[in-house]
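Residue numbers (the numbering used here), protein chains in the order written: chain X, 11 to 237; chain U, 11 to 237.
Do not rely on the hints blindly, as some may be mistaken.
It does not matter which identical chain is meant; a pair holds if it fits inside one copy or across any two.
[Claimed, not checked] Keeping only pairs whose Cα atoms sit at most 25 Å apart, straight-line, the calculated DSS-like set for lysine-lysine is: (1) Lys225 x Lys104; (2) Lys132 x Lys158; (3) Lys189 x Lys132; (4) Lys15 x Lys189; (5) Lys189 x Lys49; (6) Lys158 x Lys15; (7) Lys72 x Lys158; (8) Lys72 x Lys132; (9) Lys225 x Lys158.
In short, the hints are calculated from the structure, not lab data.
Number of protein chains: 2
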Amino acid sequence: MDLSKEDWSVISRSSLLEAVPPDVLDRLVNGNAHMALAKGEMLFEEGDPAMACYVILAGWIKLVRTDSEGHETVVEVFSKGDCFAEAAAYVSGKYPVSAEAVTGVRLLRVDSQRIHDEILSKPQVAFSMLASMSRRLHRLVDQIEQIKARNATERLASFLLGLSGQNEGRAVFELPFSKVLIAARLGMTPESLSRTLNQLRDQGVNVDGGHIEIKDCARLRAFLSAN
Amino acid sequence: MDLSKEDWSVISRSSLLEAVPPDVLDRLVNGNAHMALAKGEMLFEEGDPAMACYVILAGWIKLVRTDSEGHETVVEVFSKGDCFAEAAAYVSGKYPVSAEAVTGVRLLRVDSQRIHDEILSKPQVAFSMLASMSRRLHRLVDQIEQIKARNATERLASFLLGLSGQNEGRAVFELPFSKVLIAARLGMTPESLSRTLNQLRDQGVNVDGGHIEIKDCARLRAFLSAN
DNA sequence: CGCGGCGTTGATCTCTGTCAATACTTGTGG
DNA sequence: CCACAAGTATTGACAGAGATCAACGCCGCG
Numbered sequence: 011m012d013l014s015k016e017d018w019s020v021i022s023r024s025s026l027l028e029a030v031p032p033d034v035l036d037r038l039v040n041g042n043a044h045m046a047l048a049k050g051e052m053l054f055e056e057g058d059p060a061m062a063c064y065v066i067l068a069g070w071i072k073l074v075r076t077d078s079e080g081h082e083t084v085v086e087v088f089s090k091g092d093c094f095a096e097a098a099a100y101v102s103g104k105y106p107v108s109a110e111a112v113t114g115v116r117l118l119r120v121d122s123q124r125i126h127d128e129i130l131s132k133p134q135v136a137f138s139m140l141a142s143m144s145r146r147l148h149r150l151v152d153q154i155e156q157i158k159a160r161n162a163t164e165r166l167a168s169f170l171l172g173l174s175g176q177n178e179g180r181a182v183f184e185l186p187f188s189k190v191l192i193a194a195r196l197g198m199t200p201e202s203l204s205r206t207l208n209q210l211r212d213q214g215v216n217v218d219g220g221h222i223e224i225k226d227c228a229r230l231r232a233f234l235s236a237n
Numbered sequence: 011m012d013l014s015k016e017d018w019s020v021i022s023r024s025s026l027l028e029a030v031p032p033d034v035l036d037r038l039v040n041g042n043a044h045m046a047l048a049k050g051e052m053l054f055e056e057g058d059p060a061m062a063c064y065v066i067l068a069g070w071i072k073l074v075r076t077d078s079e080g081h082e083t084v085v086e087v088f089s090k091g092d093c094f095a096e097a098a099a100y101v102s103g104k105y106p107v108s109a110e111a112v113t114g115v116r117l118l119r120v121d122s123q124r125i126h127d128e129i130l131s132k133p134q135v136a137f138s139m140l141a142s143m144s145r146r147l148h149r150l151v152d153q154i155e156q157i158k159a160r161n162a163t164e165r166l167a168s169f170l171l172g173l174s175g176q177n178e179g180r181a182v183f184e185l186p187f188s189k190v191l192i193a194a195r196l197g198m199t200p201e202s203l204s205r206t207l208n209q210l211r212d213q214g215v216n217v218d219g220g221h222i223e224i225k226d227c228a229r230l231r232a233f234l235s236a237n
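Work the whole structure out from these sequences, hints included.
Structure follows, in structure tokens:
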């Protein structure tokens, strides 16, 4: 299975590899497995020894923690261009979470030994990796703040604004995955999500199935700060 | 101000520097500022350009996010031997949080440029840094799971067990910092913390001011899994 | 001494989780 | 091609965990 032009474009813009020099990129990517997962398939399980990290070429992957009673906590959800599992891979430890395909997924597997070797021969590569992990860390800190300090309405509004990719004006887009998963990602139940979406109608958010319209992003953002 | 034997011992066992070869350690530490902060002093503010990371020699530091209304979210609390702010320092970005001294604090400032240089000349150093960040990442993931999936009682029980450093038997220790701060760290109000501590009496936890006695850690842990 | 921060307790409120019922979609197998 | 099962989404009723507001005692410190 070969990489398409499109795939290469995703890879070279990915958070993990964007800053890596072309020759190193070639060595890292070539010979590494281009793999596919069906919806619902597990990529790895919490506690598995970490031998690789992954760049998503297409589809969605969720990272989850499962407790002793089988209750599942969604830690993050990733899509095209995202890299995940770098942390565990560098220190050849164990994965702290499980990874499951939410949709059909294609991804690039990057062997951690290979990254290790590249860092030793080209230390600059280390900075790409450190930068990638740094970004991951910031995202987690953001999430902690959200859950600790924001209520359901604010978390959802913030999530929608993030999806819109805009700061002002009208925005129209589709929800990227099921509401069940969105609810889990936002730390609430599907029922709460449904109700909270209705509440946001007052702030100019229209929902029709997975179709979202934010009438004025600036207004929604103002509502966020105000409250 | 010189570093004591004790300080060196803390440094060489610190999460950031433990795996760094002695000669590199010397270069990193010597000439870097050994500094002190009074209780309540700010080390840096959210958004400041990150030029260094820090290893705590004594005292406690809290990392906080402050929103537009001045409401404060505690992200983490660090003590002796912990290193913080590595992430931002590597990529010479901005600090995503503010750092404030909770008690009087002594710390070692490690210039990020210096780390940068060391990585370039000795790539193995990069792995120490990556490992340190990887641990930080795991801690944040743990915290996200705690807040999302555990209630106040469970979070507190888990926190106390962590402090005790034991898995079974009787444990007696002091709370490391004020209950206001502990409450914030656990994502609840001081009032809730007070009430929750009372609830835990039924599970063999005795509280007298900042003095804690867990009659049987195994029992408390069982209570955690059970519920 | 008085003030401010900490800690506890009580009363109340509200957000969100839980349980339940229903409708819609999707896919699977007879 | 239909029937049935399973997953998804919405809505209602209800309960409970935890926040909020308020009062009070305590202690350290200027």
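For each hint, the structure was consulted:
For a Cα distance limit of 25 Å, the shortest separation of lysine 225 from lysine 104 qualifies neither inside one copy, at 45 Å, nor across copies, at 33 Å. Neither within a single protomer nor between protomers do lysine 132 and lysine 158 lie at most 25 Å apart by alpha-carbon distance, with minima of 41 Å and 40 Å respectively. In the homo-oligomer, the alpha carbons of lysine 189 and lysine 132 never lie at most 25 Å apart, since the shortest distance is 44 Å inside one protomer and 48 Å across protomers. Taking CA atoms no more than 25 Å apart as the test, lysine 15 paired with lysine 189 passes in neither setting, with 32 Å inside one copy and 57 Å between copies.
Taking CA atoms no more than 25 Å apart as the test, lysine 189 paired with lysine 49 passes inside one copy only; the shortest distance there is 16 Å, against 46 Å between copies. With identical chains, the CA atoms of lysine 158 and lysine 15 are never at most 25 Å apart, being 42 Å at best within one copy and 40 Å at best between copies. Taking CA atoms no more than 25 Å apart as the test, lysine 72 paired with lysine 158 passes in both settings, with 21 Å inside one copy and 16 Å between copies. Proximity of lysine 72 to lysine 132 under the C-alpha cut-off of 25 Å is found in neither arrangement, the shortest distances being 32 Å within a copy and 36 Å between copies.
Taking the shortest Cα distances, lysine 225 and lysine 158 never come within 25 Å of each other, neither inside one copy (28 Å) nor across copies (31 Å).
Hints 1, 2, 3, 4, 6, 8 and 9, counting from the list given before, are not met by this structure.
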